[in-house]
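Participant: Sequence:
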Amino acid sequence: RSGGEGEALGPPDKAGALGKRSDHLGQWRVRFFSLHGRTLGWSRAEGEPHHGHVDVAGSRCLAADFETGRAFSLSVARGGEAAPLVVVACSTARERREWRAAIEAAARAAAEEDAEAA
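Taking our numbering, the leading residue of the sequence shown gets 1, the next gets one more, and so forth.
Simulated from the structure, these hints should not be mistaken for lab results.
Mixed in with the good hints there might be a few duds.
Here are the simulated lysine to aspartate or glutamate pairs, DMTMM-like style, with alpha carbons at most 20 Å apart [said to hold, decoys possible]: (1) 20 x 46; (2) 14 x 67; (3) 20 x 67; (4) 14 x 98; (5) 20 x 113; (6) 20 x 55; (7) 14 x 48; (8) 20 x 48; (9) 14 x 46; (10) 14 x 95.
Label-pair ranges, simulated between beta-carbon atoms [said to hold, decoys possible]: (11) 17 x 117: 20 to 28 Å; (12) 104 x 23: 16 to 24 Å; (13) 94 x 115: 27 to 35 Å; (14) 66 x 113: 27 to 35 Å; (15) 30 x 97: 14 to 22 Å; (16) 62 x 109: 16 to 24 Å; (17) 15 x 60: 15 to 23 Å; (18) 113 x 24: 13 to 21 Å.
Please read all numbers here as calculations on a predicted model, not as lab measurements.
By construction, the Cβ of each residue, glycine as well, lies at the ideal position given by its N, Cα and C atoms.
I would like the entire structure built from these sequences, with the hints used as guidance.
Facilitator: Structural data, given as structure tokens:
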């Protein structure tokens, strides 16, 4: 979930600044997110190496406003796992819809690739 993968992948499928809830303290901080294929990575600023990343294959995106107490929140979780891979907060409902669509499309494409490779 952390490390520097994905820095030299070319242009992202989607990118932008989002709020991210930290795993350890649950605090919110602005991070720059980029989606490259099946990898959703984040860094402290645009152009910096990824501070962390997750593989979105097999994941689902759910609105998480109630759970987080923040408007336009989005939880990315894998299949039957209870704990989310990452929780983000967008600035608008439109931004959340766009990120949700991009992540879900990447998750579907990755699942199809994995099924073909098996």
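Participant: If a hint holds in the structure, say so; if it does not, say that too.
Facilitator: Outcome of the hint check:
no. : hint                 : in the structure
1   : 20 x 46              : holds, 15 Å
2   : 14 x 67              : violated, 25 Å
3   : 20 x 67              : holds, 14 Å
4   : 14 x 98              : holds, 9 Å
5   : 20 x 113             : violated, 28 Å
6   : 20 x 55              : holds, 16 Å
7   : 14 x 48              : holds, 16 Å
8   : 20 x 48              : holds, 16 Å
9   : 14 x 46              : holds, 13 Å
10  : 14 x 95              : holds, 11 Å
11  : 17 x 117: 20 to 28 Å : violated, 34 Å
12  : 104 x 23: 16 to 24 Å : holds, 22 Å
13  : 94 x 115: 27 to 35 Å : holds, 32 Å
14  : 66 x 113: 27 to 35 Å : holds, 33 Å
15  : 30 x 97: 14 to 22 Å  : holds, 20 Å
16  : 62 x 109: 16 to 24 Å : holds, 19 Å
17  : 15 x 60: 15 to 23 Å  : holds, 21 Å
18  : 113 x 24: 13 to 21 Å : violated, 32 Å
Of the numbered hints listed earlier, those contradicted by the structure are 2, 5, 11 and 18.
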